[in-house]
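S.K.: Protein sequence lines, in the order shown, are assigned to chains A and B. At position 132 of the first sequence (counting the first as 1) the number is 132 in our numbering, and the numbers step up by one without a gap. Just remember that our numbering sits 1000 ahead of the position in the second sequence, which is counted from 1.
Read the hints as simulated data drawn from the structure, not as lab findings. Among the hints, a few may not be true.
Stated by the list, open to error - Straight-line alpha carbon distances no greater than 30 Å define the calculated DSS-like cross-link-like pairs of lysine-lysine that follow:
1) B:Lys1002 - A:Lys134
2) A:Lys21 - B:Lys1012
3) A:Lys2 - B:Lys1055
4) B:Lys1073 - A:Lys53
5) B:Lys1073 - A:Lys76
6) B:Lys1012 - A:Lys154
7) A:Lys176 - A:Lys162
8) A:Lys54 - B:Lys1073
9) A:Lys151 - B:Lys1055
10) A:Lys67 - B:Lys1087
11) B:Lys1002 - A:Lys21
12) B:Lys1002 - A:Lys2
13) B:Lys1092 - A:Lys162
14) B:Lys1017 - A:Lys151
15) A:Lys147 - B:Lys1055
16) A:Lys67 - A:Lys33
17) B:Lys1002 - A:Lys151
18) B:Lys1055 - A:Lys176
Bear in mind the structure is a predicted one, so any value in this text is a computation, not a measurement.
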Amino acid sequence: MKELALYILDLSQNSIRAGAKNIYIEINIDTSKDMLKVSIEDDGCGMSEELLKKVTDPFITTRKERKVGLGIPLFKELAQLCEGNFEIFSVEGKGTKIIGIFKLSSIDLVPIGDMASTIVSLILSAPDLDIVYKYSKDGYEFLLDTKELRKVLKEVSLNDIKVLNWIREYVEENMKGDMEV
Amino acid sequence: MKSIEELERIRKETLEKINLRKDRSGIRIAVGMATCGIAAGARPVMMAILDELSKRNVTDVIVTETGCIGMCKLEPIVDVYVPGQEKVTYVKVDEKKARQIVVEHVINGHPIREWTIENYE
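Pulled out of the complex, with its shape left as it was, chain A reads as follows:
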């Protein structure tokens, strides 16, 4: 895929399918360490130890519609390609955490991409899911917490079109030029 934001959207869909109520998405860039870290943590149903061992195998999926599952394998492959590291932790009944570490200067690293659209897509996909998104880069920090937005919106839902447009522009503004593809 062409953007980290698309990998993040894809992995977050797993969280939704796992029945997560909360998801924590973090992108952290540390230029001095030449590192970019993506982490996605949810409180969904988690995986058994047995499934966890096999989950990076592209021929393993919980779906019945097809026999391959490429989401996690693709993300792992990208991390390895970028001289980074991939880790996955999961506890059945508690949730799952996925971490990808990438060498920032790697020629194979794709741009962060449109995180604003990824977050809006996630809200449309699961309007009741609460998302915390943290973006940090060399001391700069931006935090979006849908629970805080819901407090302001009260009876108006998060997936109202005007609200979604606001969220999109809010993320765009706060990520400055870092979403450029």
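Add chain B to chain A, keeping to what the hints say.
M.R.: Leaving out everything else, chain B in the frame of chain A:
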């Protein structure tokens, strides 16, 4: 800059509109958002649908996701559900087609048959 105060204003405006709105259209648009859909361009398709609805001030249509239906090579796939009518499944949708589906099918009520799964060769 976007501010939380602005969000508060949006809330008030939306509430006024909800009070004016008598009933929902019940129309639902679902975009395939599994790995296959996302890799094929489902996210820009979803954003184009949202943008087209927003531009035309259509607020009573629900945009949502659907999973993989096992026809990954036909993604991005978009389903349009209109109450009382059969579901229409569009295949190989791009941003331009998505906007036209919103205008012709969702707003004007005329499905674009040549883009549906039945007519895909």
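S.K.: Would you mind marking each hint as holding or not holding in the structure?
M.R.: Structure-based check of all given hints:
1. B:Lys1002 - A:Lys134: Answer holds: Lys1002 (chain B) to Lys134 (chain A) is near 17 Å, not above 30 Å.
2. A:Lys21 - B:Lys1012: Holds - the C-alpha atoms of Lys1012 (chain B) and Lys21 (chain A) are around 27 Å apart, at most 30 Å.
3. A:Lys2 - B:Lys1055: The given pair, whose Cα atoms are some 28 Å apart, holds under the 30 Å limit.
4. B:Lys1073 - A:Lys53: holds (29 Å)
5. B:Lys1073 - A:Lys76: holds (23 Å)
6. B:Lys1012 - A:Lys154: holds (10 Å)
7. A:Lys176 - A:Lys162: holds (21 Å)
8. A:Lys54 - B:Lys1073: Roughly 25 Å separates the two Cα atoms, so the pair holds.
9. A:Lys151 - B:Lys1055: Roughly 27 Å between the alpha carbons, so the hint for Lys151 (chain A) and Lys1055 (chain B) holds.
10. A:Lys67 - B:Lys1087: holds (26 Å)
11. B:Lys1002 - A:Lys21: With Cα atoms ~27 Å apart, Lys1002 (chain B) and Lys21 (chain A) stay inside 30 Å; holds.
12. B:Lys1002 - A:Lys2: holds (28 Å)
13. B:Lys1092 - A:Lys162: Since the Cα atoms of Lys1092 (chain B) and Lys162 (chain A) sit roughly 28 Å apart, the hinted pair holds (cutoff 30 Å).
14. B:Lys1017 - A:Lys151: holds (20 Å)
15. A:Lys147 - B:Lys1055: Between Lys147 (chain A) and Lys1055 (chain B) the Cα gap is close to 27 Å, so the pair holds against 30 Å.
16. A:Lys67 - A:Lys33: violated (39 Å)
17. B:Lys1002 - A:Lys151: holds (17 Å)
18. B:Lys1055 - A:Lys176: holds (25 Å)
In terms of the numbered hints stated before, the structure departs from hint 16 and from no other.
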